[in-house]
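Those protein sequences? They're chains A and B, same order as listed.
Heads up: the first sequence at position 29 corresponds to 29 in the numbering used here, and the numbers run straight through without jumps.
Heads up: the second sequence at position 298 corresponds to 298 in the numbering used here, and the numbers run straight through without jumps.
Don't read these hints as lab results, they were simulated from the structure.
Some clues are possibly wrong.
[To be verified] To spell it out: a stretch of chain B is covered by chain A in this simulated footprint if at least three of its residues, at any positions, have a beta carbon under 8 Å from a beta carbon of chain A; those stretches are:
no.	segment
1	90-98
2	289-296
3	359-366
4	407-418
[Unchecked claim] Here are the simulated lysine-lysine pairs, DSS-like style, with alpha carbons at most 27 Å apart:
no.	chain 1	residue 1	chain 2	residue 2
5	A	K8	B	K207
6	A	K373	B	K171
7	A	K205	B	K11
8	B	K431	A	K124
9	A	K11	B	K373
10	B	K431	A	K11
11	A	K373	A	K431
12	B	K380	A	K11
13	A	K54	B	K124
14	B	K318	B	K380
15	A	K124	B	K171
16	A	K58	B	K171
17	B	K8	A	K11
18	B	K442	A	K205
19	A	K136	B	K124
20	B	K54	A	K8
21	B	K205	A	K58
22	B	K11	A	K11
23	A	K26	B	K8
24	A	K414	A	K461
Beta carbons are placed, not taken as given, at the ideal position from N, Cα and C, and that holds for glycine.
Protein chains: 2
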Amino acid sequence: MDAAEFRKRGKEMVDYIADYLENIDKRQVFPDVEPGYLRSLIPDCAPQNPESFKDVFKDIERIIMPGVTHWHSPYFFAYYPAGSSFPTLLADMLCGGIGCVGFSWAASPACTELETVMLDWLGKMINLPEEFLAGKDGQGGGVIQGSASEATLMSLLAARTKTIRRVRSEKPELTEADIMGRLMAYASDQAHSSVERAALIAGVKMKNVSSDETFSVCGSALQKVLDEDKASGLIPFFFCATLGTTPCCSFDKLLELGPICNKENIWMHIDAAYAGSAFICPEFRHLLNGVEFADSFNFNPHKWLLVNFDCSTMWVKKRSDLTGAFKLEPLYLQHQHQESGLVTDYRHWQIPLGRRFRSLKLWFVLRMYGVTKLQEHIRKHVRLAHQFEHLVLQDERFEICAEVILGLVCFRLKGSNELNEAFLKSINEAKKIHLVPSHLGKKFVLRFAVCSRTVESTHIKFAWQHISQLATHLLNTREQNLQQQ
Amino acid sequence: MDAAEFRKRGKEMVDYIADYLENIDKRQVFPDVEPGYLRSLIPDCAPQNPESFKDVFKDIERIIMPGVTHWHSPYFFAYYPAGSSFPTLLADMLCGGIGCVGFSWAASPACTELETVMLDWLGKMINLPEEFLAGKDGQGGGVIQGSASEATLMSLLAARTKTIRRVRSEKPELTEADIMGRLMAYASDQAHSSVERAALIAGVKMKNVSSDETFSVCGSALQKVLDEDKASGLIPFFFCATLGTTPCCSFDKLLELGPICNKENIWMHIDAAYAGSAFICPEFRHLLNGVEFADSFNFNPHKWLLVNFDCSTMWVKKRSDLTGAFKLEPLYLQHQHQESGLVTDYRHWQIPLGRRFRSLKLWFVLRMYGVTKLQEHIRKHVRLAHQFEHLVLQDERFEICAEVILGLVCFRLKGSNELNEAFLKSINEAKKIHLVPSHLGKKFVLRFAVCSRTVESTHIKFAWQHISQLATHLLNTREQNLQQQ
Numbered sequence: 001m002d003a004a005e006f007r008k009r010g011k012e013m014v015d016y017i018a019d020y021l022e023n024i025d026k027r028q029v030f031p032d033v034e035p036g037y038l039r040s041l042i043p044d045c046a047p048q049n050p051e052s053f054k055d056v057f058k059d060i061e062r063i064i065m066p067g068v069t070h071w072h073s074p075y076f077f078a079y080y081p082a083g084s085s086f087p088t089l090l091a092d093m094l095c096g097g098i099g100c101v102g103f104s105w106a107a108s109p110a111c112t113e114l115e116t117v118m119l120d121w122l123g124k125m126i127n128l129p130e131e132f133l134a135g136k137d138g139q140g141g142g143v144i145q146g147s148a149s150e151a152t153l154m155s156l157l158a159a160r161t162k163t164i165r166r167v168r169s170e171k172p173e174l175t176e177a178d179i180m181g182r183l184m185a186y187a188s189d190q191a192h193s194s195v196e197r198a199a200l201i202a203g204v205k206m207k208n209v210s211s212d213e214t215f216s217v218c219g220s221a222l223q224k225v226l227d228e229d230k231a232s233g234l235i236p237f238f239f240c241a242t243l244g245t246t247p248c249c250s251f252d253k254l255l256e257l258g259p260i261c262n263k264e265n266i267w268m269h270i271d272a273a274y275a276g277s278a279f280i281c282p283e284f285r286h287l288l289n290g291v292e293f294a295d296s297f298n299f300n301p302h303k304w305l306l307v308n309f310d311c312s313t314m315w316v317k318k319r320s321d322l323t324g325a326f327k328l329e330p331l332y333l334q335h336q337h338q339e340s341g342l343v344t345d346y347r348h349w350q351i352p353l354g355r356r357f358r359s360l361k362l363w364f365v366l367r368m369y370g371v372t373k374l375q376e377h378i379r380k381h382v383r384l385a386h387q388f389e390h391l392v393l394q395d396e397r398f399e400i401c402a403e404v405i406l407g408l409v410c411f412r413l414k415g416s417n418e419l420n421e422a423f424l425k426s427i428n429e430a431k432k433i434h435l436v437p438s439h440l441g442k443k444f445v446l447r448f449a450v451c452s453r454t455v456e457s458t459h460i461k462f463a464w465q466h467i468s469q470l471a472t473h474l475l476n477t478r479e480q481n482l483q484q485q
Numbered sequence: 001m002d003a004a005e006f007r008k009r010g011k012e013m014v015d016y017i018a019d020y021l022e023n024i025d026k027r028q029v030f031p032d033v034e035p036g037y038l039r040s041l042i043p044d045c046a047p048q049n050p051e052s053f054k055d056v057f058k059d060i061e062r063i064i065m066p067g068v069t070h071w072h073s074p075y076f077f078a079y080y081p082a083g084s085s086f087p088t089l090l091a092d093m094l095c096g097g098i099g100c101v102g103f104s105w106a107a108s109p110a111c112t113e114l115e116t117v118m119l120d121w122l123g124k125m126i127n128l129p130e131e132f133l134a135g136k137d138g139q140g141g142g143v144i145q146g147s148a149s150e151a152t153l154m155s156l157l158a159a160r161t162k163t164i165r166r167v168r169s170e171k172p173e174l175t176e177a178d179i180m181g182r183l184m185a186y187a188s189d190q191a192h193s194s195v196e197r198a199a200l201i202a203g204v205k206m207k208n209v210s211s212d213e214t215f216s217v218c219g220s221a222l223q224k225v226l227d228e229d230k231a232s233g234l235i236p237f238f239f240c241a242t243l244g245t246t247p248c249c250s251f252d253k254l255l256e257l258g259p260i261c262n263k264e265n266i267w268m269h270i271d272a273a274y275a276g277s278a279f280i281c282p283e284f285r286h287l288l289n290g291v292e293f294a295d296s297f298n299f300n301p302h303k304w305l306l307v308n309f310d311c312s313t314m315w316v317k318k319r320s321d322l323t324g325a326f327k328l329e330p331l332y333l334q335h336q337h338q339e340s341g342l343v344t345d346y347r348h349w350q351i352p353l354g355r356r357f358r359s360l361k362l363w364f365v366l367r368m369y370g371v372t373k374l375q376e377h378i379r380k381h382v383r384l385a386h387q388f389e390h391l392v393l394q395d396e397r398f399e400i401c402a403e404v405i406l407g408l409v410c411f412r413l414k415g416s417n418e419l420n421e422a423f424l425k426s427i428n429e430a431k432k433i434h435l436v437p438s439h440l441g442k443k444f445v446l447r448f449a450v451c452s453r454t455v456e457s458t459h460i461k462f463a464w465q466h467i468s469q470l471a472t473h474l475l476n477t478r479e480q481n482l483q484q485q
């Protein structure tokens with residue numbers, strides 16, 4: 001394919017994407033396919049000779065679309081939102097076109113410098129303390145990671161290295177292996193599985209701290225487990241606080257936890273993967289109070305800020321903590337400007353070496369929406385969540401299972417877990433809308449997450465009517481079965 | 001921006017990208033900017049109100065392009081190639097448009113299933129042993145990682161977990177911390193820095209094995225260090241072999257190393273990040289002989305197979321080794337088909353949870369090029385490397401520093417490292433072409449990597465004439481300086 005054909009096919013693809021997104025509400029949100037469906041639809045091996053774009057293009061509807069879960073459908077209420085918008089798609093095209101690999105400043109200065117400045121823009125939008133910003137000569141700064149999992153892992157590794165260095169200087173008789181074996185990381189029992197995974201990867205132990213009745217970790221719960229662990233010779237070194245947990249969007253109590261972490265020499269990382277975007281609205285910013293005690297902070301514009309995957313933004317107060325976790329410098333990666341204070345080599349801030357020009361997506365989205373339109377987007381989702389909550393509360397067969405703070409509503413039928421599992425199954429098998437469950441304490445609950453950029457009040461009403469009807473049907477069937485026994 | 005405007009702007013962006021790539025040879029390959037250039041060109045913070053696409057668009061040439069290192073210029077000979085082609089850009093657009101996050105089968109079945117089948121296609125193209133393919137009921141299979149760094153880390157983690165389990169079952173008196181402290185990983189002294197980094201992340205020790213005079217690790221060198229380490233109580237558990245090293249594209253001797261690793265219960269991972277793409281040509285496939293002894297194998301289609309970043313393909317013989325490294329199952333990620341043998345949940349194969357629909361890029365590129373055109377691409381690059389080698393060899397002021405096997409030529413002026421450092425500086429300051437150096441033994445050498453999809457014989461000739469003239473100028477200047485002293 002030459003540039004002339006790309007001009008033609010690229011424009012066809014733009015129209016296809018526009019058509020797809022304009023009419024996505026007409027597609028069934030969750031596919032009908034069974035596992036293994038795709039293999040039988042395509043050849044066993046790659047073709048020897050080139051096929052035409054037309055042949056490939058017509059297979060999109062024949063082979064791919066029947067197996068797609070439509071995350072941008074206004075009937076998609078599962079997981080958390082996957083960010084998307086037209087400006088981010090345009091930026092992503094440009095990113096692909098330039099196609100630089102920005103692992104160092106010299107590998108493409110614009111790629112590195114735009115990222116640093118965009119992270120300052122975004123940090124200011126959520127009113128992060130000055131220490132987290134790069135500015136012209138700050139010690140902190142931001143970086144785009146691929147995912148919150150990577151941000152958590154990077155912060156845990158930085159904390160691990162820092163702690164090992166400190167303990168070895170205090171107690172030179174301990175070996176690195178001794179210290180590693182005694183390190184202990186902590187997170188809420190509501191924290192994302194990626195936190196436990198980060199500890200597994202780094203080869204350190206990790207413990208869940210019990211959350212309270214609002215599914216939040218409070219200071220006393222952390223202090224208790226720290227005291228116990230220190231008494232038995234362990235070395236607490238890392239706490240991951242969550243703002244906006246995945247099961248129910250609860251918030252750990254930063255203002256209690258932060259001072260404890262600071263006093264105990266524990267790195268506090270904040271994972272606000274979903275909730276972080278909301279902090280651009282002044283009325284939600286109080287949820288971030290206490291960030292001043294943290295060493296690192298992360299949220300995912302690729303979830304709720306209309307930027308598409310991947311764009312997980314992370315800030316640290318001291319960039320040297322992050323880069324010091326593993327600085328390795330082979331000659332083919334050195335360049336002339338390396339030692340100047342102005343130069344950032346982002347490969348030292350992340351797990352992979354390579355990286356796309358992802359800050360273009362932030363640049364396009366922040367400019368083409370502006371802060372006010374992004375705030376409107378967040379506020380609409382929160383308003384729709386409360387609309388759904390209100391509908392649930394009006395129906396006495398149902399209960400709300402956690403406070404609705406942002407765009408997630410956890411609810412269930414009053415009754416057993418088994419009833420609610422059957423209920424969720426009936427919803428997902430009808431395939432009019434798509435939800436996933438979570439466990440809160442011993443309760444199996446349904447998560448209703450406002451996700452799509454284009455979801456409106458009518459979709460919420462439709463979803464509720466549908467849910468309500470399925471509940472009626474399920475409860476009636478069960479009643480009849482009972483009477484027949 | 002609504003769908004109607006996206007149609008218009010998307011098409012403008014397609015034309016911009018086509019223009020950029022068609023005329024990239026007219027841009028200076030390496031930018032003139034100094035560190036910090038970008039911050040002064042843009043506002044301090046994000047705009048409150050939306051800006052137009054036009055405003056953003058015109059800033060691409062004003063702010064971004066002056067700071068871009070043009071990786072796709074036919075005058076770019078630095079690092080290794082960054083893959084790009086028109087089919088991959090089209091696929092990436094579609095990937096963004098669909099915008100699903102395919103961490104589990106249910107999160108978008110097509111995303112998972114196309115990936116499994118594409119990795120089988122690609123595995124067959126390089127004639128990987130059957131055990132590495134998923135097929136309908138294989139125990140192995142492939143996955144797309146973000147980078148070779150992640151593939152190395154995942155294989156090292158799988159090896160770590162597997163070894164700890166085995167040693168604990170043999171010697172229950174050892175704690176996990178004891179074992180961790182005695183684990184030892186190995187790689188060539190020519191291996192990529194990401195291998196050392198993987199060991200650092202995983203909290204295990206790692207040792208470089210000396211390469212021979214061809215910069216390859218042979219069996220006896222590995223056996224020697226294993227014997228020493230076992231004698232001192234260490235537990236060798238992981239060896240990363242490199243096919244196509246970054247400094248000079250040398251190849252470790254798999255046929256010697258593989259049997260040793262198998263005998264010693266050591267996981268052998270093969271990192272063929274750059275060279276792997278060449279194995280689609282029968283005449284280069286012999287370089288992969290010995291892969292049958294490996295546990296895992298990785299290469300980067302995003303380097304040399306015209307797929308854009310990120311697409312790093314990895315295969316394992318036993319998928320359970322990889323998923324067993326950390327299988328965690330919160331309820332919100334469980335789904336109905338989970339336990340069926342047909343279902344792959346790729347989140348267990350990788351570090352992050354989220355993932356783009358990256359297999360679309362392989363699907364588009366493999367079909368629209370076909371195997372033969374991809375082979376032509378590889379062969380052209382190798383031919384051009386030999387053309388450059390030939391030019392160097394005809395000039396007795398120069399020497400070739402490592403055998404030219406694929407698309408990389410390592411060369412230098414006969415003389416001191418200091419002379420060659422000055423020489424490289426003069427080349428890169430002229431900015432007609434772009435190169436980076438490496439160290440081979442104690443020698444500072446210049447790496448000439450054939451990179452661009454559109455590079456032709458004329459560009460090679462131009463580059464050589466330019467290099468030759470700069471050499472003449474540098475040597476003359478030095479001669480004059482000597483005479484004046």
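Outcome of the hint check:
1. Judged by the Cβ-Cβ criterion of 8 Å, the segment 90-98 of chain B is covered by chain A as claimed, because 7 of its residues qualify and three suffice.
2. Counting residues of the segment 289-296 of chain B whose CB falls under 8 Å from any CB of chain A gives 0; the rule of at least 3 is not met.
3. Here the segment 359-366 of chain B counts 4 residues with a CB under 8 Å from a CB of chain A, which clears the bar of 3, and the coverage holds.
4. With a cut-off of 8 Å between beta carbons, the segment 407-418 of chain B has 0 residues touching chain A; three or more are needed, and the interface restraint is violated.
5. Between A/K8 and B/K207 the CA atoms are separated by roughly 53 Å; this puts the pair beyond 27 Å, and the hint is violated.
6. The straight-line distance between the Cα atoms of A/K373 and B/K171 is roughly 62 Å, outside the 27 Å bound, and the hint therefore fails.
7. At roughly 52 Å between alpha-carbon atoms, A/K205 and B/K11 are farther apart than 27 Å, so this suggested pair is violated.
8. With a C-alpha separation of about 37 Å, the suggested pair B/K431 and A/K124 falls outside the 27 Å cut-off, and the hint is violated.
9. This hinted pair checks out: A/K11 and B/K373 have alpha carbons roughly 25 Å apart, not beyond 27 Å.
10. Straight-line distance between C-alpha atoms of B/K431 and A/K11 comes to about 35 Å, which puts the hinted pair past the 27 Å bound.
11. Straight-line distance between C-alpha atoms of A/K373 and A/K431 comes to about 32 Å, which puts the hinted pair past the 27 Å bound.
12. Between B/K380 and A/K11 the alpha-carbon distance is near 30 Å, which puts this suggested pair outside the 27 Å criterion.
13. Annotation: proposed proximity of A/K54 to B/K124 holds, straight-line Cα distance about 25 Å (limit 27 Å).
14. Annotation: proposed proximity of B/K318 to B/K380 is violated, straight-line Cα distance about 36 Å (limit 27 Å).
15. Note on A/K124 and B/K171: the hinted pairing is violated, with a Cα-Cα distance of about 55 Å set against a maximum of 27 Å.
16. Restraint check for A/K58 and B/K171: not satisfied, since their Cα atoms lie roughly 59 Å apart, outside the 27 Å limit.
17. Taking the CA atoms of B/K8 and A/K11, the gap is about 9 Å. The hint holds against a cut of 27 Å.
18. Distance hint between B/K442 and A/K205 is unfulfilled; the C-alpha atoms sit about 42 Å from each other, more than 27 Å.
19. For the suggested pair A/K136 and B/K124, the alpha carbons sit about 51 Å apart, so the restraint of at most 27 Å is broken.
20. Note on B/K54 and A/K8: the hinted pairing holds, with a Cα-Cα distance of about 22 Å set against a maximum of 27 Å.
21. For the hint pairing B/K205 with A/K58, the CA-to-CA distance comes to about 51 Å; that exceeds 27 Å, so the pair is violated.
22. Between the alpha carbons of B/K11 and A/K11 the distance comes to roughly 5 Å, so the proposed pair stays at or under 27 Å and holds.
23. With a C-alpha separation of about 24 Å, the suggested pairing of A/K26 with B/K8 holds against the 27 Å cut-off.
24. Annotation: proposed proximity of A/K414 to A/K461 holds, straight-line Cα distance about 21 Å (limit 27 Å).
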